[in-house]
Amino acid sequence: MARNALSVSTTKTQSVTQFQENVYALLLQIPKGRVTTYGAIARVLKTSPRAVGNALRNNPFAPEVPCHRCVGSSGFITGFDGESIDKKNFKRSKDGLVQGAAHQSKPRGPKISPAQPAGTKLSLKIQILHDEGVQIDGKGMVVNRKKVLWDGPWNIDTIRDDIKSTS
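Per the working numbering, residue 6 is the first one in the sequence shown, and the count goes up by one each step.
A few of these clues could be false.
Straight-line C-alpha distance at most 35 Å; calculated DSBU-like pairs for lysine-lysine [said to hold, decoys possible]: (1) K37 <-> K51; (2) K92 <-> K37; (3) K144 <-> K92; (4) K37 <-> K152; (5) K37 <-> K93; (6) K51 <-> K99.
Label pairs and their in silico Cβ distance ranges [stated by the list, open to error]: (7) S78 <-> P36: 36 to 46 Å; (8) K99 <-> R55: 18 to 28 Å; (9) D156 <-> H135: 20 to 30 Å.
Everything labelled a hint here was simulated from the structure, so no lab data went into it. Since the model is a prediction, treat every value here as computed from it, not as a measurement. C-beta atoms are modelled at their ideal positions from N, C-alpha and C, and glycine is treated no differently.
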């Protein structure tokens, strides 16, 4: 069985599952300035977009493992670091911060950071994407989605052999 080469340096000591490693290995293939969807990763791993989202929500290696480069199938930014917001509630202030009714999922393991104002993590995702050349409009949608959307080719040699054998 092939093991992933997640050589990301981190001071966090959270164990990850083989499934999470597979998701993270695919994320590392997404070029800066591009995004992919939960569904695109799910198709490669033969799983659901929701399962991919759960793996990303618990990514202890962010932003080195770029979960910020994953968006919903419509191009909506959806969430970041466990914080999510519905399209209908998404608003941005004049200074670009996300406002509206954001929701924070309950973290697994020890809580390592104090609660932040709603929208703080989503604002960070937008800023990271902006710094990489991906623009997000005032409604939380990727601008020029067809140009920046990336769906491979995926190098499946970086994921587990049992996943590859069903391809």
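Going through the hints against the structure:
Annotation: proposed proximity of K37 to K51 holds, straight-line Cα distance about 25 Å (limit 35 Å). The suggested pairing of K92 with K37 holds, with an alpha-carbon distance near 25 Å, which does not exceed 35 Å. Restraint check for K144 and K92: satisfied, since their Cα atoms lie roughly 7 Å apart, inside the 35 Å limit. A hinted pair counts as satisfied when its Cα atoms are at most 35 Å apart, and K37 with K152 qualifies at roughly 13 Å.
This hinted pair checks out: K37 and K93 have alpha carbons roughly 28 Å apart, not beyond 35 Å. Between K51 and K99 the alpha-carbon distance is near 41 Å, which puts this suggested pair outside the 35 Å criterion. The hinted window of 36 to 46 Å between S78 and P36 is violated, with their beta carbons roughly 20 Å apart. Here the CB-CB span from K99 to R55 is close to 34 Å, at odds with the stated 18 to 28 Å.
The hinted window of 20 to 30 Å between D156 and H135 holds, with their beta carbons roughly 22 Å apart.
Of the numbered hints stated above, those contradicted by the structure are hints 6, 7 and 8, listed in ascending order.
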